[in-house]
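Residue 44 in this note's numbering sits at position 21 of the sequence shown; the count goes up by one each step and never skips.
Within a straight-line C-alpha distance of at most 27 Å, the following computed BS3-like cross-link-like pairs (lysine-lysine) qualify:
id, residue 1, residue 2
1, 69, 79
2, 93, 72
3, 93, 69
4, 64, 74
5, 70, 93
6, 79, 93
7, 64, 79
8, 64, 93
Worth flagging that the hints you see were computed from the coordinates, not collected in a lab. Note that the structure is a prediction, hence the values are computed from the model and not measured.
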Amino acid sequence: VPTIGTVVLSSAGRDQGRYFVVVELVDDEDYVLIADGALRKIDRPKKKKLKHLIIKDVIIPVVRERIEAKERLYDYELRSHLEALGYNR
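Full structure from sequences and hints, please.
Have a look at this one:
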């Protein structure tokens, strides 16, 4: 099960092949909210089933800390963190 700040790859749906970051855990088993700052903004994250995501072994600590501290996280920051790791070029 991914945690907040985990990078995931969408394996189904119209966003298939795109990388996102988990911004909220909806429930224990099935759903998470994901955003990438471009296609899906932080203000309107996508609710996605875990079985439609490939979980990467990458956690962005800055994103995790800011979300858990309830601090404002901007879309451009999320995009730049993903790009710095080589995702969504």
